[in-house]
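*Asks:* All chains should be modelled from the sequences, with the hints used to inform the complete structure.
For reference, the chains in residue letters:
There are 2 protein chains.
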Amino acid sequence: MDTRPIGVFDSGMGGLTAVRQMIRLLPGEDIVYFGDTGRVPYGGRSAETIVRYARQDVAFLQSFDLKAIVIACGTVSTTAMDVLKRENAIPILGVVQPAANAAVKRTKTGKIGVIGTKATIRSGAYESAILALLPAAKLTTKACPLLVPLVEDGRVRRGDPVTERVVEEYLAPVKAQGVDTLVLGCTHYPLLRDVISDYMGSAVSLVDTGEEAARASAALLAEQGGLNDPARAGERRYYASDSAEDFAATASLYLGSDISNRVERVAIETY
Amino acid sequence: MDTRPIGVFDSGMGGLTAVRQMIRLLPGEDIVYFGDTGRVPYGGRSAETIVRYARQDVAFLQSFDLKAIVIACGTVSTTAMDVLKRENAIPILGVVQPAANAAVKRTKTGKIGVIGTKATIRSGAYESAILALLPAAKLTTKACPLLVPLVEDGRVRRGDPVTERVVEEYLAPVKAQGVDTLVLGCTHYPLLRDVISDYMGSAVSLVDTGEEAARASAALLAEQGGLNDPARAGERRYYASDSAEDFAATASLYLGSDISNRVERVAIETY
Chain A
205 MDTRPIGVFD SGMGGLTAVR QMIRLLPGED IVYFGDTGRV PYGGRSAETI VRYARQDVAF
265 LQSFDLKAIV IACGTVSTTA MDVLKRENAI PILGVVQPAA NAAVKRTKTG KIGVIGTKAT
325 IRSGAYESAI LALLPAAKLT TKACPLLVPL VEDGRVRRGD PVTERVVEEY LAPVKAQGVD
385 TLVLGCTHYP LLRDVISDYM GSAVSLVDTG EEAARASAAL LAEQGGLNDP ARAGERRYYA
445 SDSAEDFAAT ASLYLGSDIS NRVERVAIET Y
Chain B
205 MDTRPIGVFD SGMGGLTAVR QMIRLLPGED IVYFGDTGRV PYGGRSAETI VRYARQDVAF
265 LQSFDLKAIV IACGTVSTTA MDVLKRENAI PILGVVQPAA NAAVKRTKTG KIGVIGTKAT
325 IRSGAYESAI LALLPAAKLT TKACPLLVPL VEDGRVRRGD PVTERVVEEY LAPVKAQGVD
385 TLVLGCTHYP LLRDVISDYM GSAVSLVDTG EEAARASAAL LAEQGGLNDP ARAGERRYYA
445 SDSAEDFAAT ASLYLGSDIS NRVERVAIET Y
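Taken in order, these protein sequences are the chains called A and B. Counted from 1, the first sequence has number 379 at position 175 by the working numbering; the numbering is strictly sequential. Counted from 1, the second sequence has number 317 at position 113 by the working numbering; the numbering is strictly sequential.
Derived from the structure by calculation, the hints contain no laboratory data. Keep in mind that a hint or two might mislead.
Intra- or inter-copy, both count: the list cannot distinguish identical chains.
[Stated by the list, open to error] Once the Cα atoms are required to be at most 25 Å apart in a straight line, the calculated SDA-like pairs of lysine to any residue come out as:
| id | residue 1 | residue 2 |
| --- | --- | --- |
| 1 | 322 | 468 |
| 2 | 346 | 360 |
| 3 | 346 | 362 |
| 4 | 315 | 420 |
*Replies:* Here it is, written out as structure tokens:
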């Protein structure tokens with residue numbers, strides 16, 4: 205048994221979709237979450253800047269005594285994972301491998317779509333991971349730069365004409381390829397699940413990267429005997445680089461529960 | 205005559221619309237531009253974070269021997285201007301007062317619209333400045349959080365169905381009030397001039413905040429005898445907090461000219 209908390213971070217709020225799944229799957233675990241809301245979004249920035257920010261995010265989390273770190277961010281997982289693993293001894297999990305495993309397990313036709321931020325698609329990380337498992341896979345990828353701004357603006361509901369138009373535009377070429385599985389390669393995207401699913405049709409399986417990362421961290425901890433007592437009530441602490449009040453106010457949209465009074469601001473540029 | 209450069213900054217690329225006008229109006233002036241592309245956009249962040257970032261932006265510019273600083277950013281001008289003026293002895297110009305002057309001069313009916321980022325509209329700064337000049341003005345304001353992401357994604361052209369739909373949604377209530385003048389309260393928005401003008405109709409006068417700030421700085425320098433020799437060719441240097449290559453690649457969209465080899469990266473968080 206390992207009673208230390210798990211660290212989780214994201215460029216902003218999106219990683220909370222992974223935390224929500226971790227709370228469900230690992231109710232006894234303590235979680236320390238950092239959201240870089242003062243510098244979100246990462247997905248349009250250069251690889252160099254993403255790596256610099258990710259290093260600071262990890263350095264902040266390392267100020268706690270953690271048993272593992274989950275990168276609950278598609279952009280960081282695809283762009284900075286290797287550097288972070290090389291520079292840190294603590295086990296680090298990203299969203300890419302768990303999502304690739306799930307996609308390969310679910311596809312019947314081998315036709316798999318991947319959507320993500322510009323940096324994520326530029327990295328080619330999801331493709332490499334999927335092709336390593338299923339060399340015959342036929343992949344279609346699409347960068348979707350406006351989806352994070354739409355989610356951050358709370359425009360996630362069915363019937364929002366702008367969101368539906370943007371989703372249709374990005375997904376039309378993916379749908380045209382006849383994929384049977386679509387990797388939502390950014391942890392913001394599960395909030396758009398309804399709109400995406402309506403457009404792609406119910407026959408297309410959507411891979412929620414946050415959910416798969418949560419499942420993979422549960423499996424890893426179980427395997428290493430690193431779980432906490434599942435009967436206890438895990439504690440969660442949240443840190444953000446912009447206003448704690450703003451973070452708390454929006455977090456319920458992602459988490460499905462209220463976290464007022466449990467958020468603190470952190471000066472991430474000092475790490 | 206004052207041969208020192210003028211400093212200009214923005215959260216990202218938008219301020220280049222002001223630089224473009226400054227080059228036209230003040231061809232002999234040297235300009236040092238800083239775009240905080242590593243932390244753009246500012247408009248959705250808390251006032252506290254905007255002030256913190258703006259202080260660093262000014263501190264970086266103050267590392268040069270400048271004769272004036274132009275805040276070519278609606279969000280900073282509306283949210284941090286007072287703090288920056290209080291803390292710095294150098295003359296600092298924002299976009300609010302010049303835009304308010306222009307709007308009041310142009311309106312015939314007194315019905316004026318103001319659009320900007322969330323932080324800009326929340327601040328109420330344009331309204332205060334306009335009402336101080338024209339207490340009978342009837343103002344309609346509207347926060348347009350998706351316009352900066354659309355411009356940063358290069359989706360500025362007529363016929364872009366998403367951009368046209370978003371502009372229509374934001375401007376419908378402004379148009380319904382029958383405004384005859386619309387303040388484009390963010391220096392990114394002049395790139396959307398065609399789409400905005402098509403929707404509002406040619407009878408509505410659009411106030412370009414970057415252009416007005418450029419005009420105001422020309423007037424201020426002339427008044428103080430602070431102009432450089434207008435016959436010389438001014439030099440411009442550009443700094444960005446994300447990749448210099450990415451900045452140079454996009455800058456021509458805003459500036460109308462190529463600036464490769466004249467951009468350097470700066471570690472803004474160290475200021």
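*Asks:* The structure should be examined with respect to each hint, and the outcome stated for every one.
*Replies:* Results for each hint:
| no. | hint | verdict |
| --- | --- | --- |
| 1 | 322 <-> 468 | between (30 Å within a copy, 23 Å between copies) |
| 2 | 346 <-> 360 | both (19 Å within a copy, 20 Å between copies) |
| 3 | 346 <-> 362 | both (21 Å within a copy, 23 Å between copies) |
| 4 | 315 <-> 420 | within (23 Å within a copy, 58 Å between copies) |
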